[in-house]
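Trainee: Listed below, chain by chain, are the residues.
2 protein chains.
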Amino acid sequence: MAHRVYNFAPGPAMLPIAVMERAQAEFLDFQGLGASVVEISHRSKEFEALVDETDALLREAMTIPANYRILYVHGGASMQFAAVPLNLIGRVPSRRALYADTGNFAGRAIAEARRYGEICIAASSAATNHDRIPEIDPAALEGEAAYFHLTSNNTLYGTRWNDFPDTGEVPLVADATSDILSRTLDVSRFGVLYAGAQKNLGTSGVAVVLIREDLLDHADPQTPNLLNYETYARDHSLTNTPNTFSIYMIRLVLEWLAAQGGVAAMQCVNEEKARLLYERIDRSGFYAGYAQPAHRSASNVTFNLTTPELLQRFLDEALREDLYALKGHRALGGVRASLYNAMPLEGVRALIDFMDAFEQRNG
Amino acid sequence: MAHRVYNFAPGPAMLPIAVMERAQAEFLDFQGLGASVVEISHRSKEFEALVDETDALLREAMTIPANYRILYVHGGASMQFAAVPLNLIGRVPSRRALYADTGNFAGRAIAEARRYGEICIAASSAATNHDRIPEIDPAALEGEAAYFHLTSNNTLYGTRWNDFPDTGEVPLVADATSDILSRTLDVSRFGVLYAGAQKNLGTSGVAVVLIREDLLDHADPQTPNLLNYETYARDHSLTNTPNTFSIYMIRLVLEWLAAQGGVAAMQCVNEEKARLLYERIDRSGFYAGYAQPAHRSASNVTFNLTTPELLQRFLDEALREDLYALKGHRALGGVRASLYNAMPLEGVRALIDFMDAFEQRNG
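Chains H and E, in that order, are what the protein sequence lines are. Read in order, the letters of the first sequence are residues 1 to 363 in our numbering. Read in order, the letters of the second sequence are residues 364 to 726 in our numbering.
Hints in this document: simulated from the structure, not taken from any laboratory. Small disclaimer: the values here were computed from a predicted structure and weren't measured. Some clues are possibly wrong.
As the list claims (entries may be wrong) - Some, not all, of what chain E presents toward chain H, calculated at C-beta under 7 Å:
| # | residue |
| --- | --- |
| 1 | Met377 |
| 2 | Met383 |
| 3 | Ser404 |
| 4 | Leu601 |
| 5 | Thr604 |
| 6 | Asn606 |
| 7 | Thr607 |
A virtual CB, placed ideally from N, CA and C, is assigned to each residue, including glycine.
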């Protein structure tokens, strides 16, 4: 039996052990072909069937309406920071788009979008170092806009949108990389919803894009073919060789998710995992949660200790107890525990037990 | 023991069995971390070391000069069809670039480049349906050009450049997807050399780009960050989460290649594999080779049979003998046997034995 830790990495993140074991078992021989899934043509009937199955599983898991297309695109969510404006900002003559600045990845999306149009920051949590979800400036919503972009969960700071803004006719575009499949989302509220795969979906190097069909055909002429949503939709994501291994892993993860009861059942477990951990943080003054309680993420729990020395000791001792990758992002410091779908409740309990013991020894 | 075929797929293609078995064995626990290589941060010291090792192995394998950078970029070679002009065509005020049209992928590269500048076809084999490498029009080489792009080996038609053109001060840019690491290439002859990973390097969804340092800093302002060579060079390809599994597989393939004696030793085996198969094709009139003999590829061997019925019987019976994925591309038809590094000599012998027996039964 392989040695396995409780892996709290923010992404690439741990995957369900059942998925990992299945991928390992069939790695040399996929469906009796005598070749691996990574060694067959993306145009083989076996791989095309795999894409169809992945579509069907995702459509079921997220209750994706019929007028939405599912795309598997190269490059992770960060490539979408350019693809979104290239595909959508030309919808309005002013090339104006609204963005919510809620942290690191939102900021990267904004910087990239500025290459392509007039970007208006409709909400920002920068003044409080992204410890909450900000209010939206009503003035920003006046006047035309190609879309409104937000990051549904902020991996780095540990905040999330609980209620999504009503943007009227302006399509809402969400980077849902760190909470897709972790809670029910009403896809029909979004014009485009995208997510890099390496947290809740599978392995890195691909992103899933859900797009309402009427938004498909607005790309700037200079959009690279492999950043154009219309291209992916037309070719069923097989324009060139996709990241076949990642798509295969997404299919395995979706099968596993269905067997767990789907997104709603997973959300119950996720909220319980987060509740237990935040309760432990708040129990005494020894640990200090970072995000404002009303905006806390269930995917990424951020907290700190009172001194850098204590923090380092915490991380070192946690690692010795097989609690892996708890170090916070360098921009914020502290501790970050990422509790994606694959993290079992027992992993959170093990972390809490460690936190109790650590406080007893050092409190 | 897993059932394994001789896999002649053009890409994604077979990988060395030793590589596949090692990846399988350590899939659940990478370097004793208790997590898979696909479950750890791309910014972990273990993954950064993996990228460094991959760089060193590739630099050794291809004798890459010190003034070239190695980039691992998202999206396969086809994404480079846009990235090359976005990064380089602005080098000259006329935004003029030269392209050799030698088949399917060259044609796609040309179509994509036309979004970004004035594309001049300096050589074309279209008139003979790409059965050879064309002569270069000397007139095209007069006047300024940002670069000269060619496809070093044409996967679909089975031709390759044996001698690369002398383009003087104009940087030569090569898509070497289907022959990288299969024969010695003098990297210093190229300004940029790129290759999708899924034939001779590893698994799909990533491309390797070798670029001379003086060409790094010419990208158009509207270049998406993740298509900008300067970004990848600055961040050691870790700007966002890369396709970590593919990079890992590339490292394993490069270790295997070194153990085989490197590219020169591999080239000897590859030339022998191709010689035997072409000799078999030419032995009687039963099989008809497609490419002109002087321009035949050692990576992709294309031939046909005299009737569609005979072709179909050939493919069906071959598959029953575990000779997999021999069907030619739909644009050309016939048979295509791809003989990348991972295809052992015994696989080619098995194919030849089958071809002998098939001719005896049907000739």
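Trainee: Each hint should be assessed against the structure and marked as holding or not.
Mentor: Results of checking the hints against the structure:
1. Met377: holds, 5 Å
2. Met383: For Met383/E, the interface hint holds, since the closest Cβ of chain H sits about 6 Å away, which is under 7 Å.
3. Ser404: holds, 6 Å
4. Leu601: violated, 11 Å
5. Thr604: Since chain H brings a Cβ to about 4 Å from Thr604/E, closer than 7 Å, the hint holds.
6. Asn606: holds, 3 Å
7. Thr607: At 5 Å from the nearest chain H Cβ, Thr607/E passes the 7 Å test, so the hint holds.
In summary, the structure is inconsistent with hint 4 from the numbered list given earlier, while agreeing with all the others.
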